[in-house]
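Participant: So you can see what is in the structure, the chains are spelled out below.
2 protein chains.
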Amino acid sequence: MPKIVVLRYGHRLVRDYRITSHACLVARALGAEKIIINGNKDQSIEKSVKSVVARWGGKFLVEFAESWKSVLQEYKKKGYFVVHLTMYGKALEKEAKKLREKKKILLIIGSQKVEPAVYELSDLNLSVTQQPHSEIAAMAVALDWIFGGKELSKKFGNAKIKVVPRGKGKKIVRM
Amino acid sequence: MPKIVVLRYGHRLVRDYRITSHACLVARALGAEKIIINGNKDQSIEKSVKSVVARWGGKFLVEFAESWKSVLQEYKKKGYFVVHLTMYGKALEKEAKKLREKKKILLIIGSQKVEPAVYELSDLNLSVTQQPHSEIAAMAVALDWIFGGKELSKKFGNAKIKVVPRGKGKKIVRM
Chain A
1075 MPKIVVLRYG HRLVRDYRIT SHACLVARAL GAEKIIINGN KDQSIEKSVK
1125 SVVARWGGKF LVEFAESWKS VLQEYKKKGY FVVHLTMYGK ALEKEAKKLR
1175 EKKKILLIIG SQKVEPAVYE LSDLNLSVTQ QPHSEIAAMA VALDWIFGGK
1225 ELSKKFGNAK IKVVPRGKGK KIVRM
Chain B
1075 MPKIVVLRYG HRLVRDYRIT SHACLVARAL GAEKIIINGN KDQSIEKSVK
1125 SVVARWGGKF LVEFAESWKS VLQEYKKKGY FVVHLTMYGK ALEKEAKKLR
1175 EKKKILLIIG SQKVEPAVYE LSDLNLSVTQ QPHSEIAAMA VALDWIFGGK
1225 ELSKKFGNAK IKVVPRGKGK KIVRM
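Those protein sequence lines, which keep their order, are chains A and B. One rule links them: number in my numbering = place in the first sequence (from 1) + 1074. One rule links them: number in my numbering = place in the second sequence (from 1) + 1074.
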């Protein structure tokens, strides 16, 4: 399975707090290794994600970067295949097989209007349906297809708490 | 493929605007027929979803309901199988096959803390990973598994605009 780093393009303080928080938690839960947030450095997000990692385990990282372009160029040099999620891109269901064969992927998700250079500099523009919806949903479905569903049962090391799946109610085990 | 209606539990004006908007657009894009928003009646959301439907096509509906319990009971009577998405439920990857055989599903997604009665009255509590993340992502992945990926290439009738998927840039066709 490829190693995946998510780049969140254009985070704005306050306005994007909930959506970017969702993006971080989804990236972690569905098997990405790290999220790089481009835009305003938002310590409340960093803090809340770190607190999830401390309790729920794993090694997920949050970083901030002022320039998305520098991140993209740096990861290209490191051998990452750069995928930009956009409703205008090629269909996920046709591209997933090729993506599963990549070793390392930088997955870019937008927020407000994305500059044309993101389309140009990415190795692949990829769509999860050609309909307007949500970058959170698009990322989730893309990660699930690239990881072939195996991420759904991923184990997170060093967890302090763990859910035991059940039909009714809630069961948490403290380790 | 089952017919799916989404029930958004506990929408709050302003605070939940973006997340509930994402929920509506994801439900539509990934093949649900309708979303019922339980909580504050939010005409700005209704307006923006209707405008997407008018331009991008299909027959997706938005409704509001004051009582989630009445909706749940009404849909049970109509023969819907009620699925509540929660990180505490049974794993999607183990339940998906059974769900694909259902004719009609009411899919409940939470927002703020969900009452215990939702767990009790649902036919199935279902988890998309047992990790904390996002109801938008959980719904997207659940719809994708239940529809077996076929929803990704769904055609929307009466669309005024349509995207032509491509490697670079944006191409929209006006019909």
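Bear in mind the hints are in silico, worked out from the structure with no lab data behind them. Treat each hint with caution, since some may be false.
Where chains are identical, the list cannot tell them apart; a pair therefore holds if satisfied intra-copy or between any two copies.
No farther apart than 25 angstroms at their CA atoms in a straight line, the calculated lysine-lysine pairs in the PhoX-like style are these [claimed, not checked]:
| id | residue 1 | residue 2 |
| --- | --- | --- |
| 1 | 1121 | 1229 |
| 2 | 1224 | 1234 |
| 3 | 1187 | 1108 |
| 4 | 1121 | 1151 |
| 5 | 1176 | 1229 |
| 6 | 1121 | 1171 |
| 7 | 1236 | 1164 |
| 8 | 1228 | 1172 |
| 9 | 1236 | 1177 |
| 10 | 1171 | 1224 |
| 11 | 1234 | 1133 |
| 12 | 1176 | 1236 |
| 13 | 1108 | 1178 |
| 14 | 1150 | 1187 |
| 15 | 1150 | 1242 |
| 16 | 1224 | 1164 |
| 17 | 1150 | 1133 |
| 18 | 1164 | 1115 |
| 19 | 1176 | 1115 |
| 20 | 1150 | 1229 |
| 21 | 1245 | 1152 |
| 22 | 1228 | 1171 |
| 23 | 1171 | 1242 |
| 24 | 1115 | 1242 |
Being a predicted model, the structure only gives us computed values, none of them experimental.
Participant: For each hint, tell me whether it holds in the structure or not.
Facilitator: Tested hints:
When the C-alpha separation of residue 1121 and residue 1229 is checked against a cutoff of 25 angstroms, the pair qualifies only within one copy, where the shortest distance is 22 angstroms, while the shortest distance between copies is 42 angstroms. In the homo-oligomer, the alpha carbons of residue 1224 and residue 1234 lie at most 25 angstroms apart inside one protomer (23 angstroms), although the nearest pairing across protomers, at 38 angstroms, exceeds that limit. Proximity of residue 1187 and residue 1108 under a CA criterion of 25 angstroms is satisfied intra-copy only: 23 angstroms inside one chain copy versus 28 angstroms between copies. When the C-alpha separation of residue 1121 and residue 1151 is checked against a cutoff of 25 angstroms, the pair qualifies neither within a copy, at 30 angstroms, nor between copies, at 45 angstroms.
With identical chains, the CA atoms of residue 1176 and residue 1229 are at most 25 angstroms apart within one copy only, with a shortest distance of 22 angstroms there and 30 angstroms across copies. In this assembly of identical chains, the alpha carbons of residue 1121 and residue 1171 never lie at most 25 angstroms apart, being 36 angstroms within a copy and 38 angstroms across copies at closest. Taking identical chains as interchangeable, the C-alpha atoms of residue 1236 and residue 1164 lie at most 25 angstroms apart only when they sit on different chains, with a minimum of 14 angstroms there against 38 angstroms within one chain. Taking identical chains as interchangeable, the C-alpha atoms of residue 1228 and residue 1172 lie at most 25 angstroms apart whether they share a chain (22 angstroms) or sit on different chains (22 angstroms).
For the homomeric pair residue 1236 and residue 1177, neither the shortest alpha-carbon distance inside one copy (30 angstroms) nor that between copies (33 angstroms) is at most 25 angstroms. In this homomeric assembly, residue 1171 and residue 1224 come within 25 angstroms of each other (Cα to Cα) both inside a single copy, at 15 angstroms, and across copies, at 16 angstroms. Proximity of residue 1234 to residue 1133 under the C-alpha cut-off of 25 angstroms is restricted to the intra-copy arrangement: shortest distance 13 angstroms within a copy versus 46 angstroms between copies. Taking identical chains as interchangeable, the C-alpha atoms of residue 1176 and residue 1236 are never at most 25 angstroms apart, the minima being 31 angstroms within one chain and 30 angstroms between chains.
Only within a single protomer do residue 1108 and residue 1178 lie at most 25 angstroms apart by alpha-carbon distance; the minimum there is 12 angstroms, versus 38 angstroms between protomers. With identical chains, the CA atoms of residue 1150 and residue 1187 are at most 25 angstroms apart within one copy only, with a shortest distance of 23 angstroms there and 42 angstroms across copies. Taking the closest pair of Cα atoms, residue 1150 and residue 1242 come within 25 angstroms of each other only across two copies (18 angstroms); inside a single copy the shortest separation is 46 angstroms, beyond that limit. For the homomeric pair residue 1224 and residue 1164, the shortest alpha-carbon distances inside one copy (23 angstroms) and between copies (16 angstroms) are both at most 25 angstroms.
Only within a single protomer do residue 1150 and residue 1133 lie at most 25 angstroms apart by alpha-carbon distance; the minimum there is 23 angstroms, versus 42 angstroms between protomers. Taking the shortest Cα distances, residue 1164 and residue 1115 never come within 25 angstroms of each other, neither inside one copy (32 angstroms) nor across copies (37 angstroms). In this assembly of identical chains, residue 1176 and residue 1115 lie within 25 angstroms of each other by CA distance neither inside one copy nor across copies; the values are 30 angstroms within and 46 angstroms between. Taking the closest pair of Cα atoms, residue 1150 and residue 1229 never come within 25 angstroms of each other, the shortest separation being 29 angstroms inside a single copy and 35 angstroms across copies.
In this homomeric assembly, residue 1245 and residue 1152 never come within 25 angstroms of each other (Cα to Cα): the closest approach is 42 angstroms inside a single copy and 31 angstroms across copies. Taking the closest pair of Cα atoms, residue 1228 and residue 1171 come within 25 angstroms of each other both inside a single copy (21 angstroms) and across two copies (20 angstroms). For a Cα distance limit of 25 angstroms, the shortest separation of residue 1171 from residue 1242 across copies, 20 angstroms, qualifies, whereas the shortest one inside one copy, 37 angstroms, does not. Within a single copy, residue 1115 and residue 1242 get their C-alpha atoms no closer than 40 angstroms, and across copies no closer than 30 angstroms, so neither meets the 25 angstroms cut-off.
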